[in-house]
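Asks: Turn these sequences into a full structure, and let the hints guide you.
Note that our numbering gives residue 1218 to position 593 of the sequence shown, counting from 1, and the numbers run on in steps of one.
It is worth saying that the hints were derived from the structure and are not from the lab. Don't be surprised by glycine CBs; every beta carbon is placed ideally from N, CA and C. A portion of the hints provided could be inaccurate.
Using C-beta positions, here's what the derived DEER-type ranges look like [unchecked claim]:
#	residue 1	residue 2	range
1	D1314	R832	30 to 40 Å
2	E903	P1218	49 to 59 Å
3	P1358	P688	17 to 27 Å
4	Q1193	A1238	55 to 65 Å
5	A1238	E1039	26 to 36 Å
6	D876	G824	47 to 57 Å
7	W990	A1238	56 to 66 Å
8	Q1193	T635	16 to 26 Å
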Amino acid sequence: MTSTTPADRTVFRTCPLCEATCGLQIEIKDSAVRRIRGDQDDVFSKGFICPKGSTLKQLYEDPDRLRKPVVRRGFDDNGAPIFEEVEWDEAFAVVGEKFAAVKAEHGNEAIGVYLGNPNAHNLAWNTHARAFLQAIGSRSMFSASTVDQMPRHVASGYLYGNGMRMPVPDLDRTDLLVLLGTNPLVSNGSICTAPDYPGRIQAVRDRGGKVVVIDPSRTRTAEAADEHIAIRPGTDAVLLAAVVHRLIGTDQVSTGRVAALVDGMNELRDAVESFSPEYAEVVTGIAAETIEQLADDIATAPTAAVHGRIGTTTVEFGTLTTWLIDVIAILTGNLDEPGGAMFPRSAIERVRPEKQGRPYRTGRWQSRVNANPEIQGELPAADLPVEILEPGEGQLRMMFTVAGNPVLSCPDSEQMNEAFASLDAMVSIDIYLNETTRHADVVLPPASALEKSHFDIAFSNLSVRNVANYSAPVFDSEQPAEDDIIARVALLAMGMEGDATLVHDQLVNQLLSAEVGAPGSPVEGRNVEDLIAMVDGDTGSDRMLDAMLRTGPHGDAFGANPDGLSLQKLRGNPHGIDLGALELRLPDALQTPEKRIDLFAGPFLEELARLEARVVEWAGDGRLRLIGRRHLRSNNSWMHNVEVLVKGKARCTLQINPDDAAELGVVDGGKASVRSRVGEVTADVEVTDIVMPGVVSLPHGWGHGQPGAQLEVAARHAGVNSNVLTDPLAIDPVSGTSVLNGIPVEVAPA
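Replies: Rendered as structure tokens:
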């Protein structure tokens, strides 16, 4: 492809690597990236950038990144797969053959799909996912959500009627910020899109507010806070239930404006009666007086926001913990109020009166082997290996993975690896031959982040401020557009040949047809064909984005509101457009029956009873508990092939408290074996008081260097895979989310 762009220029775009959505200024010289730094004029990030954002150049230039499709041609004498580069038409032909063979012999349900975390940051996937999954025609859908945030979706579904209606802390206006199991100064924030988290936390303190971090580890965020409270892993639900107990018992409940919308307050008092601060002290390791003071501070602060993430969602009671966070916001009048927990409104959200909804449902089908319920249209990732390995009707024979590495990212990695190696067929959309895609028959590589357009559909729904920012491709690509790849595969899955444009056009038509027929839509009653003719965009996903923007809450309504948003307007504002602070959304945003918040619409009474019974098993067992951790220069499993991010002191270490190290005889700089019910690893030891006694910490996403993976840099910094230790049977039963924190382990010198 001949480039039509200047060789020397400066471009601006949003970083797609994490949830912070920072603006980047990219200097191009001689058609190559010379320098990347923060965009000082970005309306949201205002120049902030983390070490990962500046490495889009290295990711683009990485010699291990696939530029053409590869097809597996067998195995070498050591059992490693042999891949051959092929042209796109040949690769698509092989994909079609694999789909046809498996469907003919075993049917649609023999095909599974696994979606990795980067899909949430991907414009093409956000616009085309539904069409792709419908074309596959299988209910065996798995994703990183059940090793991440699914409890948040489920709690929201039961409380607000929509699993995607997630409140976020109003960081820029709160007086008290309480963070549980989250380390945003390292992760850059999660389910709380906020560039420059360090600056925002400092701003809370500068305006006289307070920041409290509750975590088993003294994280970087804890060190920047006013107070760090160490808690035993997995016991956050007990702590929060005790806070609710204190609020009710001391008459500090003041629900404010949402009081008229809430049902279940009387049942709540009885439900938490057993969870006194004194009871919680025994379980959590936090003094009763500290728990009481925390509750009092939340109740008396002018505004307060409580937020939990990985440490509160990837635990046995993750959904209950998430629900309790929202219950506290309701009890203290901080739900849907400035400075509390608020609901963002994305520029692409649909504009119409929110209809009274149906009760939120899960369990519409079950996993074949373990009978775990469907959640949000998918099954627990922990069930994936047995769904592949266990013979019988409905056994998975083919997997389709998109930007995922479940062999490193999901529980019981050794069984997961065995399962993928046993498949009859496998197809992947991925830029790397990693520990999972090395098992594929075909790998279809999309373009680099710098070669495709970008708009944060997912994270504009989670942002602490309403903004809109579009990024055009920096470079032309020799590869098909990613939405073209997705569309071609969708057609092949249905046994069809055809141009990807067929899928793109159908999606735009479906979207606008729904809009013109929807009461309250900005284009209600308009002619669909007229609107389609006005849609802008060079790719299918850009055209979908334009249609969504123009029919969104700030859109130009295809000319009816000339000052409104469109793709063209965003192109003309490369630093983004600020749409203002978060606003009150309730009751309009509720999609529950009767448009009310029923505290016990979900199984929370049962979960509180189960928690009380489970605490008896936990108390005094004396076992070490394993937690994970993040690093600012890492992003799950997929950025370890960038030398500048992994060089220096090894980061994949087992952190252990000095008291535990002395008792067990492990030494700093030595090695230790770590054993759980399902596996064992040997890790380098780091003795540190960062972790509390009784806790050890090992980061996730490591364990590189497996035969057939083509990640040269990552292989030199392999580390050990913490998911060898995670138990596939240990899940939060309400959300299907794996227990990745608080894993019972035994540690010994190695």
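Asks: Give a verdict on every hint.
Replies: Evaluated hints:
1. D1314 - R832: 30 to 40 Å: holds (32 Å)
2. E903 - P1218: 49 to 59 Å: violated (38 Å)
3. P1358 - P688: 17 to 27 Å: violated (45 Å)
4. Q1193 - A1238: 55 to 65 Å: The hinted range 55 to 65 Å holds for Q1193 and A1238, with Cβ atoms some 59 Å apart.
5. A1238 - E1039: 26 to 36 Å: Since the Cβ atoms of A1238 and E1039 sit about 32 Å apart, the hinted range of 26 to 36 Å holds.
6. D876 - G824: 47 to 57 Å: Violated, at about 38 Å.
7. W990 - A1238: 56 to 66 Å: violated (29 Å)
8. Q1193 - T635: 16 to 26 Å: Holds - the Cβ-Cβ distance for Q1193 and T635, about 21 Å, lies within 16 to 26 Å.
Figure legend: structure checked against the earlier numbered hints; hints not met, in rising order: 2, 3, 6 and 7.
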